[in-house]
Amino acid sequence: MLPISLRDANAFVLAHHRHSGQVRGCKFCVAVVDDLEAVHGVAIVGRPVARRLDDGKTAEVTRLCTDGIANGCSFLYSRCARIAKLMGYQKIITYTLATENGASLRASGWQCAPGLRGGGNWNVPGRPRADSRNTGPKRLYYKELR
Numbered sequence: 330m331l332p333i334s335l336r337d338a339n340a341f342v343l344a345h346h347r348h349s350g351q352v353r354g355c356k357f358c359v360a361v362v363d364d365l366e367a368v369h370g371v372a373i374v375g376r377p378v379a380r381r382l383d384d385g386k387t388a389e390v391t392r393l394c395t396d397g398i399a400n401g402c403s404f405l406y407s408r409c410a411r412i413a414k415l416m417g418y419q420k421i422i423t424y425t426l427a428t429e430n431g432a433s434l435r436a437s438g439w440q441c442a443p444g445l446r447g448g449g450n451w452n453v454p455g456r457p458r459a460d461s462r463n464t465g466p467k468r469l470y471y472k473e474l475r
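Following my numbering, the numbering of the sequence shown begins with 330 at its first residue and continues without gaps.
It is worth saying that the hints were derived from the structure and are not from the lab.
You can trust all of the hints, since none of them are fake.
The list that follows gives simulated cross-link-like pairs (lysine-lysine, BS3-like), each with its CA atoms no further than 25 Å apart:
1) K414 / K356
2) K386 / K420
3) K420 / K467
4) K420 / K356
5) K356 / K386
6) K356 / K467
7) K386 / K467
8) K386 / K414
Pair by pair, the computed Cβ-Cβ distance ranges are:
9) P332 / V453: 33 to 41 Å
10) N452 / N400: 35 to 43 Å
11) R353 / E429: 18 to 26 Å
12) H345 / L365: 17 to 25 Å
All figures in this text were calculated on a predicted structure; none of them were measured in a lab.
Built from N, CA and C at the ideal position, the CB exists for glycine as well.
Generate coordinates for the entire structure from the input sequences, incorporating the hints supplied.
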């Protein structure tokens with residue numbers, strides 16, 4: 330594992346993520362690398378996107394992406410939780426599409442909150458926004474960092 334810049338993490342996401350694009354900001358980014366320090370996956374962690382969850386004590390994995398390296402997602406989720414805890418956060422969250430199974434999160438000790446979240450888009454006449462490909466419902470996963 331190595332730290333990685335937001336610019337480089339976003340470039341990896343744009344090249345490899347199935348359905349999400351780059352993010353605008355973060356608290357930290359990490360990469361899973363091989364022995365030659367070639368990047369095989371990245372995680373970007375920032376403030377929660379949902380305003381009601383942005384309490385200063387919660388971090389959110391806003392992007393996680395690998396090139397298919399074995400156990401890469403579980404490794405990154407574990408490291409994100411560990412780093413967030415060291416930074417003083419009490420909880421870390423992320424969202425998956427309702428169609429994704431969340432095996433890497435469960436393997437890393439995260440829990441799935443009941444029900445589905447979100448759906449729809451943020452586009453309103455007073456503030457037009459481009460539609461996302463990910464407007465369907467999501468599952469919220471979380472890990473308490475106490």
